[in-house]
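Here the protein sequences come in this chain order: A and B.
Its first residue numbered 27, the first sequence is counted upward by one per residue in this note's numbering.
Its first residue numbered 2, the second sequence is counted upward by one per residue in this note's numbering.
Keep in mind that the hints were calculated from the coordinates and are not lab data.
These numbers come from a predicted model, not from an experiment.
Among these hints, one or two may not hold up.
[Said to hold, decoys possible] Simulated coverage check for chain B against chain A, where a stretch passes if three residues somewhere in it have a Cβ under 8 Å from a Cβ of chain A:
hint, region
1, 8–22
2, 123–136
[To be verified] Here are the computed lysine to any residue pairs in the SDA-like style, where the Cα-Cα straight-line distance is at most 25 Å:
hint, chain 1, residue 1, chain 2, residue 2
3, A, K153, A, M141
4, B, K9, A, Q137
5, B, K48, A, W194
6, B, K9, A, D293
7, B, K9, A, A241
8, A, K366, A, A241
[Said to hold, decoys possible] Chain A is faced by these chain B residues, among others (derived, beta-carbon under 10 Å):
hint, residue
9, T39
10, R42
11, Q44
12, L47
13, G49
14, L59
15, E91
16, Q101
17, S144
The C-beta atom is built at its ideal place from N, Cα and C for all residues, glycine as well.
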Amino acid sequence: MSQSSPLIRSGYIVDRRQDYVWFLGLPIAALAFALVSGQYLPGAALAAIALWVTIPHHFVTWLRIYGSPGEFARFKERFIWGPVLLIGFTYLLLHYAPLSLVLIVTLWDHQHSLMQQYGFSRVYDFKAKTGAPSTAKFDLYFSWIFFVNMLVVSPLFSTLWVRMLHEWHLPISAAGVQLVHQISWVITIVYGLVWLGHIAWTLRQGYALNPLKYAFLGVSYFLWYFTSFTTEYLLVYAVAHRIMHGVQYIVMVYYYNRHKVERGAGDSTIINYLAKPGNIKAFLLMCAAYALVFHALSEGHVRDFGFGIVGFNTNFDLFSYSLLSSFALIHYYYDAFIWKVRKKDVQEGL
Amino acid sequence: MRYIRAFKYLFVIMAIGAVLAFFESQRADEYGHLSERTHARSQPVLKGGPSQELAQVLLELYPEGAQSNLLMGTALAEKGKLAEARVHLEKALAADRHNQQLLFLYARLLLDMGEDTEKVQAVVDELRRLFPRTRETVEEYFSRASKGKLVFDEGVY
Chain A
27 MSQSSPLIRS
37 GYIVDRRQDY
47 VWFLGLPIAA
57 LAFALVSGQY
67 LPGAALAAIA
77 LWVTIPHHFV
87 TWLRIYGSPG
97 EFARFKERFI
107 WGPVLLIGFT
117 YLLLHYAPLS
127 LVLIVTLWDH
137 QHSLMQQYGF
147 SRVYDFKAKT
157 GAPSTAKFDL
167 YFSWIFFVNM
177 LVVSPLFSTL
187 WVRMLHEWHL
197 PISAAGVQLV
207 HQISWVITIV
217 YGLVWLGHIA
227 WTLRQGYALN
237 PLKYAFLGVS
247 YFLWYFTSFT
257 TEYLLVYAVA
267 HRIMHGVQYI
277 VMVYYYNRHK
287 VERGAGDSTI
297 INYLAKPGNI
307 KAFLLMCAAY
317 ALVFHALSEG
327 HVRDFGFGIV
337 GFNTNFDLFS
347 YSLLSSFALI
357 HYYYDAFIWK
367 VRKKDVQEGL
Chain B
2 MRYIRAFKYL
12 FVIMAIGAVL
22 AFFESQRADE
32 YGHLSERTHA
42 RSQPVLKGGP
52 SQELAQVLLE
62 LYPEGAQSNL
72 LMGTALAEKG
82 KLAEARVHLE
92 KALAADRHNQ
102 QLLFLYARLL
112 LDMGEDTEKV
122 QAVVDELRRL
132 FPRTRETVEE
142 YFSRASKGKL
152 VFDEGVY
């Protein structure tokens with residue numbers, strides 16, 4: 027990085043307008059929407075909002091992988107055997123050890139959520155060509171420490187993990203919880219200062235910064251901290267978080283496919299069709315259709331189409347319910363290796 | 002070897018799952034602190050003493066919290082201490098009126114304490130409005146529990 031580079035350099039994930047709407051404005055809008063709907067809408071409506079965002083955001087992962095021969099060929103074995111193993115794994119855990127399944131899904135979901143925001147922050151640095159070589163590592167530790175602190179100290183999540191410990195017969199006293207809170211705050215504050223120090227060091231070394239990245243991290247963490255500290259209603263957090271996480275993911279995959287097609291790297295008829303700017307309605311309709319089919323499967327409504335033969339036993343009920351968790355786990359699993367910003371074929375779509 | 006390398010991340014997750022499952026079943030058998038599941042889609046929950054211990058810890062941390070007061074209210078109601086349970090359930094309601102279990106328990110408690118029908122009806126109607134999926138079950142339950150005093154019609158909404 028040359029010393030003559032401007033120290034503040036903006037770069038966008040999509041473009042200026044889309045970024046302000048989806049990556050900077052959306053978390054604030056999602057937060058306001060969740061707080062208001064938490065006051066006035068029934069719990070069933072809040073759960074439906076969260077599902078109508080979450081299920082389609084899984085679908086775009088399947089579309090990216092199974093809709094593109096090139097993507098599919100990259101990790102063929104994992105894309106064939108991964109779902110089989112994870113559906114079986116989820117079914118067995120739901121049957122024999124339901125608390126273990128809750129624990130795994132919850133922890134993996136949190137890891138997946140924080141890594142998505144971290145991944146977007148990497149894209150901001152990649153697009154603006156900003157940050158020092160060590161920035162990725164400092165941002166990764168920032169994401170982990172600040173997110174885990176939110177889980178550890180907020181009243182919403184403290185109640186949940188203290189409850190989980192008791193369910194596992196690992197009881198903890200109130201004094202023990204307070205000690206954990208204090209330790210977590212100390213680590214977070216100290217690391218926050220180190221992170222700020224690293225930003226100052228980055229500037230002194232002549233590396234530029236992308237202010238959009240910091241604004242993006244700021245609004246994301248504001249949404250998480252604000253909801254988990256000000257409400258005890260888990261669905262308010264779920265709605266705010268799911269809208270931010272799910273919609274940003276859908277936007278990211280949509281533009282990823284579109285960029286690949288525009289740059290001549292698209293290899294699939296369906297993605298070539300859906301990535302055309304005029305076909306966004308078809309893209310959204312497919313997302314909605316998938317959500318309806320998934321709902322019929324996971325809620326057991328599919329038994330109504332089973333001619334009285336399919337779906338009338340406890341195992342089917344358990345299996346259909348396990349789809350909710352297993353599809354989430356498959357999504358987390360795939361996302362762990364398909365979005366490496368350092369990989370050249372991923373960079374083609376950014 | 003190629004397959005092991007390709008799936009190592011997944012195998013680690015599955016190994017963690019297996020260890021947790023072993024640990025979970027061992028502890029459930031040893032301490033008997035969890036209730037049986039009533040349905041394929043339900044989770045086992047804490048029962049009896051361990052549930053009250055958890056409530057006590059949460060109350061120390063969050064005296065005005067919805068979850069802590071709900072848990073304590075439930076534990077006291079199970080012991081038949083209805084007046085004390087009511088105090089906690091009302092505190093929980095002040096913090097969060099969107100909890101199905103809380104509204105159900107509070108309505109049942111009011112009924113058991115012989116409160117006015119209108120008062121119970123208001124809570125049950127709130128429950129019906131906020132949780133339409135279980136409306137019929139709730140109506141059936143409270144109609145039976147109140148020996149027909151609570152009447153439900155479509156006009157409430």
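Hints, verified against the model:
Residues of the region 8–22 of chain B lying with their CB closer than 8 Å to a CB of chain A number 9, which satisfies the three-residue condition for coverage. Only residues whose beta carbon comes within less than 8 Å of a beta carbon in chain A count, and the region 123–136 of chain B has 5; three or more means the coverage holds. Of the pairs offered as hints, the one joining K153/A and M141/A holds, with about 18 Å between alpha carbons and a cut-off of 25 Å not exceeded. At most 25 Å may separate the alpha-carbon atoms for a hinted pair to count; K9/B and Q137/A meet this at roughly 18 Å.
Under the criterion of a C-alpha separation no larger than 25 Å, the hint pairing K48/B with W194/A is consistent with the structure, at around 13 Å. Between K9/B and D293/A the alpha-carbon distance is near 29 Å, which puts this suggested pair outside the 25 Å criterion. For the given pair, K9/B sits about 36 Å from A241/A by alpha-carbon distance, which is inconsistent with the 25 Å threshold. Taken as a hint, the K366/A and A241/A pair is honoured in the structure, with Cα atoms around 22 Å apart against an allowance of 25 Å.
Given hint, T39/B at the interface with chain A, is violated; its Cβ is 12 Å from that chain's nearest Cβ, farther than 10 Å. The restraint placing R42/B at the interface with chain A holds, with a minimum CB-CB distance near 5 Å, inside the 10 Å limit. At a threshold of 10 Å, the smallest CB-CB gap from Q44/B to chain A is about 5 Å, leaving the interface hint in force. Hint status for L47/B relative to chain A: holds, with the closest Cβ pair at about 6 Å, below 10 Å.
Annotation: G49/B was flagged as interfacial toward chain A, and the flag is violated, the nearest CB pair being 12 Å apart, outside 10 Å. About 6 Å separates the beta-carbon of L59/B from the nearest beta-carbon of chain A, less than 10 Å, and the hint is met. Annotation: interface hint on E91/B violated; nearest CB of chain A at approximately 15 Å, more than 10 Å. Annotation: Q101/B was flagged as interfacial toward chain A, and the flag holds, the nearest CB pair being 7 Å apart, inside 10 Å.
Because the smallest distance between the Cβ of S144/B and any Cβ of chain A comes to about 21 Å, over 10 Å, the interface hint for this residue is violated.
The structure is inconsistent with the numbered hints 6, 7, 9, 13, 15 and 17, although it conforms to all the rest.
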